[in-house]
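Chains A and B are the protein sequences, given in the same order.
Note that our numbering has the first sequence beginning at 13, numbered continuously upward.
Note that our numbering has the second sequence beginning at 49, numbered continuously upward.
Be aware that a few hints might be false.
[Stated by the list, open to error] Have a look at the derived ranges for each label pair, beta carbon to beta carbon: (1) B:Asp61 to A:Met314: 34 to 40 angstroms; (2) B:Ser206 to A:Ala375: 40 to 46 angstroms; (3) B:Arg120 to A:Ile340: 44 to 50 angstroms; (4) B:Arg214 to A:Val36: 38 to 44 angstroms; (5) A:Arg398 to B:Glu159: 45 to 51 angstroms.
[Stated by the list, open to error] Negatives, chain B to chain A, calculated, CB over 10 angstroms: (6) Val62; (7) Gly212; (8) Ala341.
In short, the hints are calculated from the structure, not lab data.
Yeah, the Cβ is synthetic: ideal placement off N, Cα and C, and Gly gets one too.
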Amino acid sequence: MRGGDAGAMRSIRLVARREFTERVSSRAYQLSTLITILLVGGLLIIPSLFDNSTHYTVGVVGDPPEGLAAGIEAGSSDPETTVTIQHVTDADALRTAVEEGEVDIGMIDGITVVIGPETYAELNGLVMAAAGSQALLETAARLDIDQQTLTDLLSSGPNVEEIEPDDDEFARSVLAFIGTLVLFVSIVTYGQWVLQGVVEEKTSRVVEVVLGAVMPRHLLAGKVLGIGALGLVQVLVIAVTGFVAARMVDGIDIPQITIATVATVVCWFVLGFAFYASGYAVAGSLVSNSEDAQNASFPLTMVLMIGYFVASSAFGGDNPVLRVLSIIPPFSPLVMPLRQVSGNAAGWEVALSVALMTAATAAMLRIGGRVYAGGLLRSGGRSKAREAFRGAEI
Amino acid sequence: MLRLDHLSKRYGDVVALADCSFEVARGALLGFLGPNGAGKTTAMRAVFGLVKPDRGEVTWDGRPVHMATRHRSGYMPEQRGLYPRMKIARQLAYFGQLHGMSRPDAEASAERWLETLGLSNRKDAKLEQLSHGNQQRVQLATALVHDPELLVLDEPFSGLDPLGVRDMADILAERAAAGNAVVFSSHQLDLVEDLCESVVVINGGAIVLSGPVARLRAASPHRYLEVEHTGPTEPWYETLPDVEVVERQPDRVVLMVDRDADPEAMLHAARQAGTMQSFAFTPPSLSQVFVEAVDR
Numbered sequence: 013m014r015g016g017d018a019g020a021m022r023s024i025r026l027v028a029r030r031e032f033t034e035r036v037s038s039r040a041y042q043l044s045t046l047i048t049i050l051l052v053g054g055l056l057i058i059p060s061l062f063d064n065s066t067h068y069t070v071g072v073v074g075d076p077p078e079g080l081a082a083g084i085e086a087g088s089s090d091p092e093t094t095v096t097i098q099h100v101t102d103a104d105a106l107r108t109a110v111e112e113g114e115v116d117i118g119m120i121d122g123i124t125v126v127i128g129p130e131t132y133a134e135l136n137g138l139v140m141a142a143a144g145s146q147a148l149l150e151t152a153a154r155l156d157i158d159q160q161t162l163t164d165l166l167s168s169g170p171n172v173e174e175i176e177p178d179d180d181e182f183a184r185s186v187l188a189f190i191g192t193l194v195l196f197v198s199i200v201t202y203g204q205w206v207l208q209g210v211v212e213e214k215t216s217r218v219v220e221v222v223l224g225a226v227m228p229r230h231l232l233a234g235k236v237l238g239i240g241a242l243g244l245v246q247v248l249v250i251a252v253t254g255f256v257a258a259r260m261v262d263g264i265d266i267p268q269i270t271i272a273t274v275a276t277v278v279c280w281f282v283l284g285f286a287f288y289a290s291g292y293a294v295a296g297s298l299v300s301n302s303e304d305a306q307n308a309s310f311p312l313t314m315v316l317m318i319g320y321f322v323a324s325s326a327f328g329g330d331n332p333v334l335r336v337l338s339i340i341p342p343f344s345p346l347v348m349p350l351r352q353v354s355g356n357a358a359g360w361e362v363a364l365s366v367a368l369m370t371a372a373t374a375a376m377l378r379i380g381g382r383v384y385a386g387g388l389l390r391s392g393g394r395s396k397a398r399e400a401f402r403g404a405e406i
Numbered sequence: 049m050l051r052l053d054h055l056s057k058r059y060g061d062v063v064a065l066a067d068c069s070f071e072v073a074r075g076a077l078l079g080f081l082g083p084n085g086a087g088k089t090t091a092m093r094a095v096f097g098l099v100k101p102d103r104g105e106v107t108w109d110g111r112p113v114h115m116a117t118r119h120r121s122g123y124m125p126e127q128r129g130l131y132p133r134m135k136i137a138r139q140l141a142y143f144g145q146l147h148g149m150s151r152p153d154a155e156a157s158a159e160r161w162l163e164t165l166g167l168s169n170r171k172d173a174k175l176e177q178l179s180h181g182n183q184q185r186v187q188l189a190t191a192l193v194h195d196p197e198l199l200v201l202d203e204p205f206s207g208l209d210p211l212g213v214r215d216m217a218d219i220l221a222e223r224a225a226a227g228n229a230v231v232f233s234s235h236q237l238d239l240v241e242d243l244c245e246s247v248v249v250i251n252g253g254a255i256v257l258s259g260p261v262a263r264l265r266a267a268s269p270h271r272y273l274e275v276e277h278t279g280p281t282e283p284w285y286e287t288l289p290d291v292e293v294v295e296r297q298p299d300r301v302v303l304m305v306d307r308d309a310d311p312e313a314m315l316h317a318a319r320q321a322g323t324m325q326s327f328a329f330t331p332p333s334l335s336q337v338f339v340e341a342v343d344r
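Work out the full structure: start from the sequences and follow the hints.
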């Protein structure tokens with residue numbers, strides 16, 4: 013059948029536009045987009061609304077060492093730590109206050125430390141150090157040790173090296189996890205839309221009228237493009253929401269969403285969706301009602317779930333299974349972006365993975381397009397993919 | 049001119065089309081007749097490329113039908129169907145565009161058709177909100193919205209009430225009068241006889257009769273004799289040669305006789321039997337021609 017490329021493009025565009033405009037105005041789509049925005053924004057913003065900075069209360073009897081509060085604040089792992097010094101009348105009152113948790117720790121005359129059952133180890137250490145220094149100063153004064161000797165004595169000690177945890181790596185892992193989740197949910201959701209759309213066209217019989225004017229492969233392409241565009245819009249909405257929310261709260265625990273991450277997710281969405289959505293369309297073309305559609309599409313959903321669970325279970329890590337699946341279609345669209353965003357994938361691995369997935373998608377469109385054409389005009393029960401492929405008339 | 053040229057199609061052991069050929073000229077309104085399973089739907093689908101014949105081809109003005117031709121054709125499949133949840137004006141405009149119209153043209157044409165069919169106040173209604181009859185009207189408009197040169201309708205009259213039948217018949221006649229080639233299948237043979245100048249009859253995938261209705265009726269080897277008397281009669285016709293009784297009531301009889309039978313002799317015999325109320329010697333109706341052709 014000749015039709016001309018221009019005619020083909022026009023048909024595909026018309027079909028895609030119908031799929032997009034008819035669905036974008038549907039309540040289901042608007043609601044799911046709104047929920048997604050609230051969910052993503054909420055997840056990022058809500059934790060920062062709670063004041064989770066550290067606050068210590070130190071009960072003292074007599075004079076505390078000079079600069080006690082400032083020392084604790086400086087020594088705490090949380091830079092926003094605040095300290096209150098609370099004066100207590102006598103030692104017994106102090107002990108009671110510590111026991112009942114009115115104060116976090118107690119100090120008598122700058123030397124004796126009263127530790128309660130719930131005293132934090134960090135606070136304990138800092139107050140003990142302060143008390144130790146105070147005791148040292150008093151002993152030095154008694155022994156008549158001059159200031160210089162004391163300073164020398166105090167400065168001797170072990171050299172300590174501390175390895176800071178890589179905050180960046182953790183943040184990247186979180187981001188990769190979220191990216192994979194977004195990909196999985198979008199591909200499944202919009203793949204199901206394609207499936208339902210195909211079944212609806214078949215059961216309402218409108219497909220015969222449409223196929224009078226459009227080649228089946230162009231109908232398939234337009235459908236996948238139109239619904240894919242809806243999915244893409246939602247992925248971008250999620251990205252923008254995340255982007256804005258993360259910058260609004262500007263906390264250290266929140267991964268900063270980068271353009272590179274968004275680009276990775278978007279590219280894999282396009283590749284993965286083209287493949288899976290075509291698969292869902294083929295499954296839909298082989299059945300005559302929605303119940304059968306779920307069964308027919310189950311293997312496809314299963315493959316998607318395997319990819320997703322393999323990817324999400326290896327949080328931040330890298331292992332041989334992950335490396336292999338990140339290259340093999342059709343698992344790669346879920347596994348490779350995880351490794352890319354986590355920073356674990358080599359350039360050649362990405363290139364190979366993209367090339368293989370592109371080839372798989374092209375094959376799917378070709379073979380799937382034919383099965384789709386063969387299945388569309390059959391009715392009653394479930395057709396076999398092989399029969400539909402052989403019986404394809406158009 | 050649409051031409052189905054020696055189409056053959058098998059599905060396994062089932063022969064759907066067996067060297068099926070016929071033509072529909074511009075300006076013609078052709079009735080496409082045949083019992084269920086004779087191959088009507090397969091032949092119509094073949095025009096739109098929905099069935100690929102094993103042999104033969106479909107041509108329009110002498111050239112094989114391709115997508116551009118299909119865009120100038122309107123199709124109403126036997127299994128009706130449109131998008132249930134799409135607004136009808138948008139739906140019509142969409143099908144107009146799918147058939148190559150620009151968006152403004154398609155929207156204007158959709159508007160006009162809804163006006164013609166008396167649905168302009170429902171243009172923002174979804175298809176599923178319309179009554180069955182109105183859904184049928186929208187289905188017809190879908191086949192017509194792009195002003196096709198060729199109209200192929202599979203059972204357009206099935207499921208219509210008498211008013212719907214009249215409207216449909218008017219529209220088909222108008223389209224043919226405007227110079228379009230129109231072919232439709234139907235089981236309502238009396239209607240076809242009124243509406244169409246020519247018919248083709250398909251049976252077992254092969255065309256068994258084709259031509260102008262008057263000629264087909266005249267060409268039948270049989271004639272029908274219907275005689276009514278004012279009162280009950282004896283079986284007066286038994287003395288006539290080669291007579292088959294089709295229907296018999298005490299005062300009325302319908303006989304099938306040979307085309308060359310002598311009406312004078314039969315009139316004479318009928319007169320002998322009593323006072324006649326009516327005497328009709330006619331070629332078979334289209335229905336009778338149809339039954340003779342396919343019931344062998």
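Hint-by-hint comparison with the structure:
no.: 1; hint: B:Asp61 to A:Met314: 34 to 40 angstroms; verdict: holds, 38 angstroms
no.: 2; hint: B:Ser206 to A:Ala375: 40 to 46 angstroms; verdict: holds, 43 angstroms
no.: 3; hint: B:Arg120 to A:Ile340: 44 to 50 angstroms; verdict: holds, 48 angstroms
no.: 4; hint: B:Arg214 to A:Val36: 38 to 44 angstroms; verdict: holds, 42 angstroms
no.: 5; hint: A:Arg398 to B:Glu159: 45 to 51 angstroms; verdict: holds, 46 angstroms
no.: 6; hint: Val62; verdict: holds, 13 angstroms
no.: 7; hint: Gly212; verdict: holds, 19 angstroms
no.: 8; hint: Ala341; verdict: holds, 29 angstroms
The structure is consistent with each of the numbered hints, conforming to all of them.
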